[in-house]
Each structure stands twice: as C-alpha cells, then as structure tokens.
Amino acid sequence: MRIHISANDGVAIYLQIVNQIKYLVASGRLSTGAELPPIRVLAERLLINPSTVARAYRELETAGIVEKRRTAGTYVSEQGSPLARRERIKILAERIDSLLAEARQMNITLEDVLKLVEQRNAAMQPEPVTRRKEE
Amino acid sequence: MHETISASAPPPVVDICRVTRLFGNKRALDDLSLCVPRGGVFGLIGGNGAGKTTVIKHILGLLKAQTGSVRVFGLDPVQNPVGTLGRIGYLSEDRDLPDWMTVSELMRYTQAFFPAWDEAYAVELREAFDLDPNARIKTLSRGQRARAGLLAALAHRPELLVLDEPSSGLDPVVRRDILGAIIRTIADEGRTVLFSSHLLDEVERVADRVAIIHDGRILLTAPMDEIKESHRRMTLRFGQPHKRPPAFVGALSFEGEGSDWTYICSGESSQLRKAAEALGATVMDDAPLTLDEIFVSRVLK
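Protein sequences appear in the order of chains A and B.
Be aware that the first sequence starts at 0, since it is given in numbering that gives the first Met the number 0, and climbs by one per residue.
Be aware that the second sequence starts at 0, since it is given in numbering that gives the first Met the number 0, and climbs by one per residue.
Source of the hints: derived by calculation from the structure; they are not laboratory data.
Relax, there's no trap hidden among the hints.
Pairwise CB distance ranges, derived in the manner of DEER restraints:
1) Ile107(A) - Asn24(B): 52 to 62 Å
2) Ala33(A) - Asp29(B): 47 to 57 Å
3) Glu117(A) - Arg216(B): 50 to 60 Å
Just so it is clear, the structure is predicted and the values come from calculations on it, not from any experiment.
A virtual CB, placed ideally from N, CA and C, is assigned to each residue, including glycine.
Generate coordinates for the entire structure from the input sequences, incorporating the hints supplied.
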C-alpha cells in the first residue's frame with residue numbers, strides 16, 4: 000500500500016491518508032478483505048504521529064470502507080466495493096470543483112470548459128498513434 | 000491563549016505558570032504559561048530567540064523560575080532534580096556530549112545516572128544507528144553525534160523525552176532517525192515527547208499538539224487538528240474594487256488588490272463562507288493552510 004504524505008499542501012495528514020486509501024479501494028488496488036498495515040507500522044513508515052493514523056482508520060471505519068476485526072487488524076470491508084462508485088464520483092467531483100474554480104478565475108466560461116474537456120478527451124483516444132501527454 | 004485542562008484529565012507532565020525570565024534587560028520569557036499533557040507529541044514552535052530553549056531549561060531545572068512556577072511530573076525540577084531528571088531524556092540543541100569519551104564509555108557513563116537504563120535497548124539503538132562503540136565522540140560526524148545523543152536520551156525509556164531543535168543542521172537520513180525515535184517513543188502508551196523546532200513540516204507530521212512561542216510569550220496552543228481546522232485561506236471577489244481590503248472576520252493577514260483579496264483567517268470554512276456572503280463577496284478559493292503559513296501569519300500579526 001503506497002501512501003504519500005505531503006506537509007506542503009495544507010490538507011490535514013489524516014485526510015490525506017483517508018483520501019488515498021479511499022482512492023486505492025475505489026480503483027481496486029486495495030481489494031475487499033485486504034489488511035491495512037497496523038497503526039504503528041504505518042506511522043513509522045510515514046513518519047507521522049500514530050494518533051493521526053488511528054484517526055484516519057476511524058474515519059474510514061465510520062465511512063464503511065474498512066472494518067476492525069476482533070482479532071485486531073483493519074481490513075477493507077465487503078461494503079467497500081458498492082461504495083466504490085460513489086467514492087469515485089466524489090473524488091472526481093472534487094477535481095472538477097477545483098477545475099471550475101480555476102476556470103472562473105481565468106474568466107473562461109463553462110461552455111468553453113466543456114468544449115475543452117471534449118477536445119482533451121478526443122486527444123486521449125487511442126486511435127491516433129501519437130498520444131498526447133497530460134500536462 | 001492558555002488552555003484549561005479539565006479536572007478529569009490526568010495531571011500534566013509539564014505545568015509552567017506565569018514565568019517571566021530576564022537576562023539583563025532582555026525579557027526572554029514574558030509571563031509565559033504552558034501546559035504539556037501526558038501522552039503524545041508536543042511541538043514548541045518559534046523563531047530564533049523566541050524563548051524555546053529558555054522554556055526547556057526551566058523544565059530541566061537548569062534555570063530557576065524568577066517569577067511564577069514550574070512543575071514537572073508535579074515536582075519542582077530545581078528542588079527535586081533526582082525526581083524529575085531521572086525520568087526525562089534530553090537532547091540539547093548543541094548536543095553537548097563529553098568529547099573525550101568513546102561511544103561505549105558514553106553509554107556506561109549515562110547509564111550510571113539512570114536506574115531505568117535498558118542495556119539491551121541501548122545496544123539495539125547503537126546498532127540501528129550504526130555507531131562504532133570504540134569511536135571517540137569528538138571524531139563523530141554531526142549526524143553520528145546527534146545519533147549518539149539520541150541514544151543517551153532514549154535508552155532509559157524516559158517518561159518525558161525533550162528534544163531541543165533535534166533536526167537542525169542534520170541531513171534527511173538522520174532526521175528520519177530522529178522522527179522515527181519520536182514516533183516509537185510515544186507508541187509506548189503514556190510517554191510524552193516535547194520538542195522544539197522551526198522545521199514546521201516536521202512538526203506538522205509528528206506533533207499532535209502545538210504551542211507557538213514568540214517574544215517569550217505563547218501566542219497559541221491547541222491540538223494540531225484544531226489549529227489546522229480553524230485556519231483557512233479565503234480569496235474573495237468583491238462587487239467593486241477596494242483600495243484597502245474590506246474588513247473580514249478573523250483575518251490575520253491579507254494580500255491582494257482591486258476587487259480580489261486573499262485573507263489568512265482564523266475560523267472554520269462554513270462560518271467564513273457565511274461571512275463572505277454577508278459582505279456580498281464571491282468565494283474564489285477556500286483552502287486549508289500549512290502549519291508554516293499559520294505560524295507566519297500569527298507571528299507577523
């Protein structure tokens with residue numbers, strides 16, 4: 000499980016963990032029943048306070064993404080997958096929000112943004128051999 | 000802002016109450032109060048000369064309170080050094096170790112002061128830190144010297160670990176060792192780490208409670224989560240241009256021009272959005288801040 004913590008973007012560290020684990024579950028890279036690393040292990044690996052990891056796991060548990068089992072240990076829950084689509088949409092919605100905010104700041108209309116999205120989508124289709132890189 | 004700790008909470012590990020300290024004419028501590036609760040990592044942050052080291056010296060009983068009181072584990076560290084120092088592990092900013100000793104001599108020497116010294120743990124640390132037992136302290140590199148100091152501070156498994164600027168001047172590998180040591184220390188239930196730093200990304204990673212010290216005073220002390228959740232950067236667009244930024248609740252600092260102004264605010268997102276709406280402004284950006292940005296806006300205020 001690869002998680003990257005950045006103290007430079009202002010997002011609370013526990014939220015960075017929550018978002019990244021949700022993302023890993025939503026994208027299928029963490030599958031149902033997979034065990035998350037113990038709190039201490041992840042804290043030492045990421046060099047962050049164990050209570051931060053504990054808080055992230057609590058949030059994920061409340062959201063139904065993971066569950067604690069009696070024999071200790073935190074696992075991706077069965078309900079993880081039905082949730083996946085909603086989470087995927089949510090992750091995407093957050094990105095769209097920031098895109099829209101930026102467009103608004105640049106005085107680019109929604110119509111133009113939509114047009115641009117379609118253009119970029121077309122550019123990404125595998126048909127042409129030269130596939131443009133994301134900038 | 001001094002936090003009140005509820006009656007049901009366990010007694011604080013460190014309780015400094017209204018201490019003023021003068022060095023000549025210089026007021027190093029100015030009616031400073033600080034409470035470090037048991038358990039967790041407490042980050043004391045401040046610029047050079049803010050008073051961090053002076054606070055730590057009071058905790059260790061190296062300085063006697065001229066006014067007010069200092070209690071560590073409920074004891075006065077000046078009157079009861081044995082009852083306090085024996086339970087504290089300390090790494091000083093300049094890592095003043097006896098230069099003439101070898102690493103293994105340092106270990107034996109330090110052990111003599113601490114009944115709780117755990118020799119197996121000391122050896123484990125020495126190996127993990129790749130310290131040659133026969134090397135003289137004065138021949139050690141800066142990083143190895145810090146590791147030797149850390150070993151001496153950790154091997155008696157102190158209830159309170161005090162680190163004064165532990166990372167300053169060290170490369171990232173040694174800093175990882177230090178952060179790792181902090182995390183392992185508090186992973187043992189009930190232990191407390193107090194560390195001072197101006198490397199705020201490190202503080203943000205490991206501290207669960209923070210105090211900002213400036214000019215000998217505590218400007219703010221609160222749990223890290225609370226501090227993070229109660230500060231936002233808001234960019235507002237007003238209906239017409241303004242020469243000066245319109246007054247906005249909780250603004251600590253601002254920048255901008257014309258009709259767009261960015262405020263660093265204390266307050267939660269929902270309140271601030273409401274306040275912006277009341278002003279007839281559009282929220283263009285509403286983002287969390289790093290501890291660094293919060294610190295700067297608090298100190299410059």
